[in-house]
Amino acid sequence: MTRITLRSMVVPVFACLVAFAPVSAKAIDIERVISDDGVESWLVEDHSLPIISVRFLFPGGAATDPEDRAGLANMVSGLLDEGAGALDSQTFQRRLSDESISISFSASRDNFGGSLKALTRNRDEAFDLLRLALTEPRFDTDAVERIRSQILSGIAARTNDPDTIAQRVFWEATFPGHPYARQLRGTAESVAAITEDDLRTFVTRRLARNELIVGVVGDITANELKVLLDKTFGVLPERSEAFTIPKAEPAAAGEVIVVQKNNPQSRVLFGQKGLYRDDPEYYAALVLNHILGGGTFTSRLYEEIREKRGLAYSVFSYLLPMDSAALWLGGAGTENSAVSVSIELVRNQWANIRAFGVTQDELDKAKANLIGSFGLRFDNSSAIAGMLVAVQRRDLGIEYINERNALIEQVTLEDVNGVAKRILDPDALTVVVVGDPENIKATRTIRDDG
Amino acid sequence: MKTGSAVWRGMRIWVVSLAVVPVLALPGQAQVFNPATYELDNGMQVVVVENHRAPVVTHMVWYRAGAADEPAGKSGIAHYLEHLMFKGTKTRAPGEFSQIVANLGGRENAFTSQDYTGYFQTISPENLETMMELEADRMTGLVLTDEIIEPERKVILEERRSRTENSPRALLSEQVGAATFLNHPYRLPVIGWSHEIETISRADLEAFYSTWYAPNNAVLVVSGDVDADAVYQLARKYYGPLAARELPDRIRPAEPPQRAPRQVVMKDARVEQPSWSRRYLAPSYTAGATEHAYALEVLSEIIGGGTTARIYNSIVVESSLAASAGAWYSPGSLDMTTFGFWFSPRPGVEIADVETAIDREIDKLLADGVTKDELDRAQRRLIDGAIFARDSVSGPARVFGASLASGQTVEDVEAWPTRIQAVTIEQINAAARIVFRENTSTTGILLPADKGDKS
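Protein chains in written order, with the numbering used here: chain A, 1 to 450; chain B, 451 to 905.
Isolated chain A (complex conformation):
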């Protein structure tokens, strides 16, 4: 049985003085496994339960969709387990459910990924079904039409959902003409236009060995895994087709876009340029964001907007570094009459931190929370496998999980206040409001009465 112990998990905290325990304790034991045919996976062996969790990922997701086929990667993700090899859709699904095997795929803007979870007794069958799904998907017409109808009804169901509208309008305004402006699931028109040829082309171009990333956690040894890696991923084509997504700077700085909807509450989405994941000041920004709007019940935005004034149930901010752009985003849901006040409070906090920085006390508390809570992400085997994949995708190194807390610990007040001055800009915030807000100075109004 593997015990995952994280260095610096132990963070004693006193009323206001924060002391950090010395870096100690044994590390999480990640093994780099390379199969005979050269397929690489990171592995955390854990034989405490008869379960194996696998996550894998191919760079290149929805951003690679052709413009008139937006939603292609997402549609492929819904179809790989709908029949493969000699097994039609219902036979394939029946195998999965009879053996309690979960296989699923998903597309984000930058990645196409998947997961497998199975009991040890069904391990070989599970990997075999995964191999079929990745290398011999059938795309039978009835299955394609069924999944298309599911995607289309999902799009229809979200047409008037305030969050969906806010996201769509925000990304369209921020990245005009760029692939990031498109919706992950596409539009009714683009999804209707996707052909079986498009689906097959995506699989041929994207799912290849050269950029494959795999993370495995659970009841399997390195030698057992090597065999399954070869059988499952070794048969993929050698190389994917190269693609480029141009880097994008967020546009629409300072805009306030109102989408007029007859809802009792407005959804507010705000954001500006953020930092790339490899930015040297990324960790300082992470700490800063925690103080600004990242801490669930403790951030400045939470305190000002929810706790003191009761203007919103939920208010938050987060960093979103992607391959080709970086954002600093936030959101809130607030009564129509309180929208303009809430936006003003957000801008004030943005300006206040930029001008005056944060306090040593805020810094200490934020670091303590970020360090102490890191280990909570290791709740289950799928979450750990996901972390193994994310660390490889970001090229952070196999020691990252054990070093991450030290990187947070090193952040100083000067670092945080420096990155605040460099990045935070209240005048650069793009704000999207979906609802019927009162007394708001919009730079653009979109009527969308449904």
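Be aware that a few hints might be false.
To be verified - Straight-line Cα separation of at most 25 Å, BS3-like style, residue types lysine-lysine; simulated pairs:
id: 1; chain 1: B; residue 1: K540; chain 2: A; residue 2: K308
id: 2; chain 1: A; residue 1: K273; chain 2: A; residue 2: K421
id: 3; chain 1: B; residue 1: K604; chain 2: B; residue 2: K717
id: 4; chain 1: B; residue 1: K604; chain 2: A; residue 2: K308
id: 5; chain 1: B; residue 1: K540; chain 2: B; residue 2: K717
id: 6; chain 1: A; residue 1: K247; chain 2: A; residue 2: K273
Everything labelled a hint here was simulated from the structure, so no lab data went into it.
Given chain A, work out where chain B should sit, using these hints.
Same frame as chain A, now just chain B:
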């Protein structure tokens, strides 16, 4: 009374199932989480699930009090109080609890349902003691003032707008809930009706708190990298000194017999994709004809559990009438529950046509019953699910908390796979005949507004 009878029923089923399926009595297979259980002198139940995979512990306190325990005309108290539990006590300033949890790198939250209210923190094990100290403090020491409750009332009204009023689906669901139960408080939304949230007074909140928040009405569940006996000692230290209180019986107004099917049709200009659901009143583990609960759980898997189940296969795959469809059954409620079906029609397909196809499936089930093959597959899947449930630190704590706060026992949870395995074809067919009667159904339909309407 209620708890007593559940224990007795549990014992009986346990014995029967061992006799019928000796295969599952193998060591290590009959149990799910292998918890240690204790009871403090003041009546507080303690359940500990050791899991040493990662240096993390989940600490939860569940109260056997939820929205269905509120006095009439004051819906939303239980949830409102849940929010206020994050304010101050006699010894802690407002927000101090959360600040301490945050400083220690913990995560915390709380939730309210019809039958229970729960509070939890996930944190590194050396801070468990602090969590117990704080949680015990707010079990009896909460301080409420108008300055504290008024901003929070606004927050809750925002939460309601956010979750419910901004969503036609949620609004319909609330109407369907109110139509499903005529008399039982499950007819009321957990968050409360807006007009009642607006009038809940400080005295109402304090009365609910002093009635239900007591150690003998609470369940402590600790799951993670801990030693069970050490947890028990800490529990004695912090929760032990709290005095037990006299508790009212949790007897809610019962439903009269339902004599006609009910239907709620909601049209809303915000709807682009119609949807349909129907629920039948059904027994739970602890209410109504409880002997059918496990059979209904297996039946729900056969008829509506995923993409190989009967409903999906027939309505989504074979006849292509619906984009998606399924069934659900949640046997964990303290009082009567529902067995439900749902679908989203494919574009251009009339709701009535899909509904007819669902009725045909139900009629077929009532006429021909389920097959041995279907039973075997469903049982295997469900029992495998109990293994996957162990792959989590916080998951087992949630299972025990919800079960113990809703009238079940630790033995019930641990015997779950055995009881699922003991279900027979005859039991399923009998359960289906008990539940699927048109007169005990409520149907909800969500449609786009007629042309020209404005919502």
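Next on the checklist: Tell me the hint numbers this structure goes against, listed in increasing order.
Outcome noted: Numbers 3 and 5, in rising order.
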